[in-house]
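There are 2 protein chains.
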Amino acid sequence: MIKIKGKSRVVIENVQPQVEHGLYPAKRTIGERVDVTADIFGDGHDHLRASLLYKKANATRWLKVEMKGEINDSWRGSFYVTERGQYLFSVTAWVDHFETWYDGFKKKVAAKVDVRLELLEGIYFLKVLSTEQDEILSKAIRNLEGDYDKAVAYVLTTDFASLVHTYPLIEHETLYEKTLEIVVEHEKANFSTWYELFPRSASLDGGKHGTFKDVIRLLPRIASMGFDVLYLPPIHPIGKVNRKGKNNSVNAKPGEPGSPWAIGSDEGGHKSIHSELGTLVDYKKLIEEAKKQNIDIALDIAFQCAPDHPYVTEHPEWFKQRPDGSIQYAENPPKKYQDIYPFNFETDDWMELWVELKSVITYWIDQGVKIFRVDNPHTKPIPFWQWAIAEVNLEYPDIIFLAEAFTRPKIMSSLAKIGFTQSYTYFTWRVNKQEITEYMNELVSGPSRNYFRPNFWPNTPDILPYHLQHQGENIFIIRLALAATLASNYGIYGPAYEFYDNVPVTGREEYFDSEKYEIKRHDWKKTNRMTDIITLLNGARKNNDALQSTWNIQFCAIENPNLIAFLKATDDLSNIVLVVVNLEPNERQSGFVQLPKDRLKLGDRINVKVRDLITEENYTWTQEWNYVELDPYKMPFHLFNIELHESYM
Amino acid sequence: MIKIKGKSRVVIENVQPQVEHGLYPAKRTIGERVDVTADIFGDGHDHLRASLLYKKANATRWLKVEMKGEINDSWRGSFYVTERGQYLFSVTAWVDHFETWYDGFKKKVAAKVDVRLELLEGIYFLKVLSTEQDEILSKAIRNLEGDYDKAVAYVLTTDFASLVHTYPLIEHETLYEKTLEIVVEHEKANFSTWYELFPRSASLDGGKHGTFKDVIRLLPRIASMGFDVLYLPPIHPIGKVNRKGKNNSVNAKPGEPGSPWAIGSDEGGHKSIHSELGTLVDYKKLIEEAKKQNIDIALDIAFQCAPDHPYVTEHPEWFKQRPDGSIQYAENPPKKYQDIYPFNFETDDWMELWVELKSVITYWIDQGVKIFRVDNPHTKPIPFWQWAIAEVNLEYPDIIFLAEAFTRPKIMSSLAKIGFTQSYTYFTWRVNKQEITEYMNELVSGPSRNYFRPNFWPNTPDILPYHLQHQGENIFIIRLALAATLASNYGIYGPAYEFYDNVPVTGREEYFDSEKYEIKRHDWKKTNRMTDIITLLNGARKNNDALQSTWNIQFCAIENPNLIAFLKATDDLSNIVLVVVNLEPNERQSGFVQLPKDRLKLGDRINVKVRDLITEENYTWTQEWNYVELDPYKMPFHLFNIELHESYM
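Read top to bottom, the protein sequences are chains V and F. Residue numbers for the first sequence follow our numbering, beginning at 1056 and rising by one. Residue numbers for the second sequence follow our numbering, beginning at 1056 and rising by one.
Since the hints were made in silico from the structure, they are not lab data. Among these hints, one or two may not hold up.
[What the hints assert, rightly or not] Subject to a maximum C-alpha distance of 20 Å in a straight line, what follows is the list of computed DMTMM-like cross-link-like pairs (lysine to aspartate or glutamate): (1) V:Lys-1119 x V:Glu-1087; (2) V:Lys-1062 x F:Glu-1573; (3) V:Lys-1060 x F:Glu-1411; (4) V:Lys-1163 x F:Glu-1386; (5) F:Lys-1263 x F:Glu-1573.
[To be verified] Among the chain V residues that face chain F by a calculated CB cut under 10 Å, a handful are: (6) Gln-1071; (7) Arg-1131; (8) Arg-1171; (9) Tyr-1179; (10) Ile-1225; (11) Ala-1278; (12) Gly-1281; (13) Pro-1389; (14) Trp-1405; (15) Asp-1430; (16) His-1433; (17) Ile-1473; (18) Pro-1520; (19) Gln-1609.
[Stated by the list, open to error] Distance ranges between label pairs, derived from CB positions: (20) V:Thr-1221 x F:Glu-1490: 53 to 59 Å; (21) F:Gly-1501 x V:Lys-1656: 49 to 55 Å; (22) F:Arg-1197 x V:Val-1560: 45 to 51 Å; (23) F:Phe-1554 x V:Val-1183: 53 to 59 Å; (24) V:Asp-1653 x F:Asn-1349: 28 to 34 Å; (25) F:Trp-1117 x V:Tyr-1451: 39 to 45 Å; (26) F:Asn-1662 x V:Val-1560: 30 to 36 Å; (27) V:Glu-1232 x F:Glu-1490: 31 to 37 Å; (28) V:Glu-1232 x F:Gly-1501: 52 to 58 Å; (29) F:Ala-1166 x V:Val-1560: 16 to 22 Å; (30) F:Asp-1214 x V:Lys-1326: 37 to 43 Å; (31) V:Tyr-1451 x F:Leu-1172: 40 to 46 Å.
No residue lacks a Cβ here, since even glycine has one placed at the ideal position from N, Cα and C.
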C-alpha cells in the first residue's frame, strides 16, 4: 500500500509519440511541430484538464502547454522543437473542481436554480487559487461577494470564462508514468535533394576514366539544377580477383573497370581511394568545392570485401572459412557472388570488427564527409548499426545515414528505429493513385511517422522499374514531380534519369549496359526538357517551405482516377502548394479538384489566387471545386502556389 | 560497449499478448489457448528459428514450444494454460545455420551444383549438434561421410528433413527484452449464465414483500432454466431520507420501498441486511441452497450512501461538505439526486475510506459470496478499484467482479485492464448484422481480447432498449439467442425478460413502473415459450464446449442482411456449433449459409450431419453453401450441432 497517490483520480495512457513503448526516441528536425496525444480519463463527471510538459534534456525548467480534449477521451497538445539534441516530454492531468463548478453553475442558472450556495463555493475556489496577491482574483472575489444578481451576471461574463481558463485549479495531479524522448536533428535530415552519379563516368571527354576533378567541373551543372547532395558510389579500390564484367558477366575482360561495390584490392580498402579517381587531396577538394555550391558529398558505405581486399589477409578471422580452407563468398543458392566476401559478424572477434567498421565511418567524417548512403544495411546485423550510429552520433553532430534498405517492411522500419536518419522506400514501386495515396498515408499517419524519414527515388543504378522501361519522357517527368513534391527528401540516379535511359535487361528491373559494370559516356553539356523541369521543381522546393516537409500532406478529392492532387501547407498557412499530377503519361486528363476548406480555413465565399510555379500561369478560384486539365505532352503536372485572399484569412 | 551480445543478430519486437506494454497481465481462464505472436527478423538470408518459453510463475523449468514464421516476419506459437494463477512467457530466436545450410544444399542439388564441400559442412554441423551420444546424429554423420551419391540422396530424404527440424542449432540466441505475464482464472470467469431478480418481488404470494426464503423457493425454477449465477440488487437497508417513490418520483409515499441502490439507514449500512428480506442467517442459507443447485449468489456492490447511512454521521470526513455545512448530494447539473451521497475519494482520509470499502467486499466473501456485480464502477476512482481488487485477489481465490461500466470505451477498457473479471458491454445496443459483426470482431480480435471479458445483457433493470419497446415475443427471443451464443458470459434481468415487459417511460430506454422503485408481482409459476427456449439454450451451452468460449467465433457468409450466421468450434473440432439468427422479428427469412471449409478442414467432398439442438431436426449437408429458412413465429434461430463425417476428418 505504499506509494499510492490515493487522491489522484485521473488515468493517463497511450501517450504518443512513442516508439516501441519508449525503447527508442521519436525523431523530429529543427522547426518541426510535435503533436502529443494521450488517452486521459477519470471517474464520474468532473472536468479534467491536462498539460503537456517538455524541455530540452539539459534544461532545468519544464515548459507547459495546455492539452485539449478531443473525441473519445483523446487529448492533444503541441510544441515546436527549435534546437538540435534531445528533448523530453510527459503529460500531467488533474480533476479541475473549479472548472467543474463553473460548468455546473452555468447549467444551474440556465435552469433557474438558486445558486447562492454555488457563489460561496466559487469564492472558496477563488481563494484557494489566490496563493499570491492577484488583482484579477481579488476583484473576482469581491464581485462574487457582492449583490446576488450582479454576482450571477458576472460569473456569466466572458471575462470570468477566461479567468477560469487562465487559472487551472491543479490538485492531486497524475503524472504519466514515463518521460519520453525526442531526438531533434538538423534540417537537412528532413529536407534534402540528392543526385547520384558515377565519378568514373564524369569525364567531359567521354572516352576517359572520370576523376574527382571532372566531378568538380560538373558541380555548377548539378548546383544549377538545385541539388544539395551529390552521392557517389564507392570510391575505393575495386577488387581485381573475380572482377565482374559488362552486364554483370562473371569474368571481366582485361581493362574492364568492375563494380565499385566490390571493394578492396592490393591498392587498399575502405579507407583508400581508387587511384584512377584521384587522390585523397582531390576528394577533399571536391568536398570543399561542393560545399561552396551548397552541396554535400555523400559517401557510400558498403561493408563487404572483394577477395583481394587487404582485410582478407590481415583479418581472416573476420570471414567465414569453409572446410577446404577457402573463404565463404556471398551466395543466394544456387546463385554465387564470388566477387564478394561478406564479413562474418558472428566471429569471435566481433568487437574488433565493429570497431574497425566504425573507424571507416569516422575516418571519412574526418575528411569532411557528413552524409553516408549505406549499401544494403539489412545484410549486416541490426545491433551493429544501432551501436555504430549511436557511437558516431556521440562524437559528431549532424551526420546523415541513408539506409538503402530495399527489404521487408519490418526490417526497413527497424533500421529507422535504431538510428538511420533517412531510408529509401517503396515509392519506387507505388505507381497508381490508390497505391500512392495509401503509401503516403501510411508514412505520414502511421506509427513509422515518428522514426522513419522517407527518401523517394524514382530510379537507382540497381532499379529501372517496369513502369519506366521503354517509355518516353512523360512518365519520367511524372515520377520526378511525384518524388520531388510528395517527399521532402528525394533523389535521382542522375544521368540515367535526365537522359531517359529506359532499356532494361529483358524481364528484369535492371539497366541494360549498367553503369555499375562499365564507364558510361554522358553528354554533360546537354540540357533538355527534363533538366529544365528538374531546375524548376528544385527551385520551387527551395522557395516554398510547404515543400520542405513530408508530413504536411493532405490529399484532395478529384474525381478522375488518373489525376492525383494533394495540398502541402505550412502550419500558419503562410505558404501553400497544391500539386496535381496526371498519372497517365500519354493522354490529356481533366477533372475538378476540391480545395480542402477546413485546412485552408476557407469560409463559404472563396477567393484564392493560384499561380502555377512551372508555367507561371495565374488563376483566381472562387469555388470549392475547380477545373484542372493536364496535357502530359505539354506538362503532366501543376505545381500551384496558393494565396488566400486577405479578407478571408 | 558493455553488455552487447555482439553475435546475436536477431531482433524480436511486438510480442503479444501484452497489455499496455506489459503494465498489466493478459487474462486467460483454465483450459484456454494462448497464441503468442512476435515480429522476428534478422539480417540477410539466413534461416531463423524461434521458441516460445513459458511456465507457471513458481515453476523452476521453462517449457518450450516451437514458433512458426507466417507472413511479413510475424511468428506464432501456442500453449494451453491448465492451472489457476500466474504464468510467465517470453520468446527466443536465433539464426539457425544448420537449417540455412540444409535449404541451400537442396537448392544447389536441384541446380546440379557439386556439393562435396557442402557435405563436409553438413558433417561439421552434425558434429556440433552431437554434444551427447546420439545414435540418430551418429548415423547421419556416417551417411554423409560415405559414398557421395548416397550421401546426397540421404540428405534429400524426409528422414533427414525431420532430423533438421528436430535438432535446432541454437547459437547466439536473442531473448526478448521482457518476461510477460498472464493471469489464469477459474473457468467461471469465462463461462457463466446470469439471472437477475429483485428479492423483494420474489414472493409467490404477489402482495407481500419477498424474502430470501422466497428466493430459495425460486431456486429450482432458476436452476431448471440453466442459470448458474443469481444476481440480487443490493440487499442492504434502504435509506428513508429523501427516499424515491414509484417511477423515480422525488418523494416516496408512505409505505413505498425505495430504491435498493439508496443504501443505508438507521437500520445499518453496507454490511447489514434489509430486515424485510430476512436475516444474515437466511442469506447464508440462500447461498448454501443455491450452491447445491450449482448457482452462485452474486452480490451488488454500490459504493454510495443514502443520507441516513451510518457512515454519514460516523465518518462525515468521507463526504464533501458544502459551504452551508450540508453534505454534497450526487448531481449532474441541473439534475439533483438528493437521495444519494457519493463518497469524496479526495478526502484526506482516503486510505481509511479505501480500507473500509475493501472490508465491505471481504465481509461478504466471508459470508460465502464469490461473485460481485459492481454498480457504476466508473464513478469511483480507477486506482481505488485496482488496489481493492488486487488486495482481495491476494487473500481469496476465484472471486468474480463484474463491472457495470456502461460508459465511454476507454474507461470501460481501463476497468478491465486494472482487474475487473467481466464487464457489461455495448451488446445491449448492437442490433443489426453489421453492428453485431463489427462489435464481435472488435472484442475477439482487438487488443481488448487480452483483458476484457464481455458479459452480454439484452436488458437490465436500468435499460429497456428501444428495440425491445412495445415489441412482441420474437425480438426478445432473438436478442436472447444472440446473447447466449455470441458470448459465453451472458445474463438477463429475468422476470421482465421472461414475461416480455416492453413498456418504457415514453421516449427513454427505461422501464415504466420500474421494479427499482416498487415491489412487482410476478407469476413465478408460469412457464411460456420464452422459458422453454431459455432452458433449451442454456442446456445447449452446458452440453456444448464450443458455446463456453467467446473467443472461438467465426462469422459465416450468408447473403441475406437479415440473417446472421456464425460458427463456434473447439480447437480440436470435437464440438462444433453453427448459429443462424433471423434478425427480422416479424418476417420469414431465407438464405444460403457458407460452411467455413478452412476452419472445419473440409475437403472438396462435404458430408456433415447437422442437428438443430432446439427443434431436434436433422439434416445432411453435402454442399459448401446450404439453404436455411427461419420463420420467427416458429423459431427465429437455428442452433445447429455439426458433426463432421469421419472419413473426411
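Consistency of the hints with the structure:
1. V:Lys-1119 x V:Glu-1087: With a Cα-Cα distance of about 18 Å, the restraint between V:Lys-1119 and V:Glu-1087 holds, given a limit of 20 Å.
2. V:Lys-1062 x F:Glu-1573: Distance ~37 Å between V:Lys-1062 and F:Glu-1573 Cα, so the pair is violated.
3. V:Lys-1060 x F:Glu-1411: holds, 17 Å
4. V:Lys-1163 x F:Glu-1386: With a Cα-Cα distance of about 11 Å, the restraint between V:Lys-1163 and F:Glu-1386 holds, given a limit of 20 Å.
5. F:Lys-1263 x F:Glu-1573: Satisfied, since the Cα-Cα distance of roughly 12 Å is no more than 20 Å.
6. Gln-1071: violated, 13 Å
7. Arg-1131: Nearest chain F Cβ about 15 Å off; hint violated.
8. Arg-1171: holds, 9 Å
9. Tyr-1179: holds, 7 Å
10. Ile-1225: Hint on V:Ile-1225: violated, closest Cβ of chain F at ~13 Å, above 10 Å.
11. Ala-1278: violated, 37 Å
12. Gly-1281: Status violated, d = 36 Å.
13. Pro-1389: Interface hint status for V:Pro-1389: holds (3 Å vs cutoff 10 Å).
14. Trp-1405: holds, 4 Å
15. Asp-1430: violated, 13 Å
16. His-1433: holds, 6 Å
17. Ile-1473: The hint holds - V:Ile-1473 has a Cβ within 10 Å of chain F, the shortest such distance being about 9 Å.
18. Pro-1520: Check failed: Cβ of V:Pro-1520 comes no nearer than 22 Å to chain F, outside 10 Å.
19. Gln-1609: violated, 28 Å
20. V:Thr-1221 x F:Glu-1490: 53 to 59 Å: violated, 44 Å
21. F:Gly-1501 x V:Lys-1656: 49 to 55 Å: The hinted range 49 to 55 Å is violated for F:Gly-1501 and V:Lys-1656, with Cβ atoms some 36 Å apart.
22. F:Arg-1197 x V:Val-1560: 45 to 51 Å: Holds - the Cβ-Cβ distance for F:Arg-1197 and V:Val-1560, about 46 Å, lies within 45 to 51 Å.
23. F:Phe-1554 x V:Val-1183: 53 to 59 Å: holds, 55 Å
24. V:Asp-1653 x F:Asn-1349: 28 to 34 Å: With a Cβ separation near 59 Å, V:Asp-1653 and F:Asn-1349 fall outside 28 to 34 Å, so the hint is violated.
25. F:Trp-1117 x V:Tyr-1451: 39 to 45 Å: holds, 43 Å
26. F:Asn-1662 x V:Val-1560: 30 to 36 Å: Given about 53 Å between the Cβ atoms, the range is violated.
27. V:Glu-1232 x F:Glu-1490: 31 to 37 Å: holds, 35 Å
28. V:Glu-1232 x F:Gly-1501: 52 to 58 Å: violated, 23 Å
29. F:Ala-1166 x V:Val-1560: 16 to 22 Å: holds, 20 Å
30. F:Asp-1214 x V:Lys-1326: 37 to 43 Å: violated, 51 Å
31. V:Tyr-1451 x F:Leu-1172: 40 to 46 Å: holds, 44 Å
Hint violations for this structure: numbers 2, 6, 7, 10, 11, 12, 15, 18, 19, 20, 21, 24, 26, 28 and 30, all remaining hints satisfied.
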